[in-house]
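J.: Modelling step: build the complete structure from the supplied sequences, incorporating the hints.
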Amino acid sequence: MTHQDPYRLTAPPADAPTGGADDGPDAVSRGDVLRALLWALVVVSAVANMTASFGGAPTWVHLASGVVTVLAAGTLVVRALRGRR
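Take 15 as the starting number for the sequence shown in this note's numbering and just add one per residue.
Heads up, some of the hints might be wrong.
[As the list claims (entries may be wrong)] Quick list of simulated restraints, FRET-style, between CB atoms:
1. Leu77 to Val42: 31 to 41 Å
2. Pro72 to Gly45: 28 to 38 Å
3. Ala94 to Ala71: 25 to 35 Å
Source of the hints: derived by calculation from the structure; they are not laboratory data. Nothing here was measured: the structure is a model prediction, and the numbers come from that model. Using N, Cα and C, we set each Cβ at its ideal position, and we do this for glycine too.
T.: Written out as structure tokens, the structure reads:
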């Protein structure tokens, strides 16, 4: 009996039957990759904003990292709300 891990981001085993690009529960969709990239962007831009605050960076650095954080987080929220329909 094999264990199905829904959070695994690896390709299916070589002996698994293949039929299409998004075949089976082990396939990683573009939406999963985009969600992971958006979360990474939120974390990186928030850390950049915090670092700029402690480092005394110019205002435009705070604004730029804040805008990136808000856009990425907003995109995650919109995707989550659309996914509930």
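J.: A separate judgement is required for each hint: does it hold in the structure or not?
T.: Verification of the supplied hints:
no. : hint                       : in the structure
1   : Leu77 to Val42: 31 to 41 Å : holds (34 Å)
2   : Pro72 to Gly45: 28 to 38 Å : holds (36 Å)
3   : Ala94 to Ala71: 25 to 35 Å : holds (31 Å)
In summary, this structure violates none of the numbered hints.
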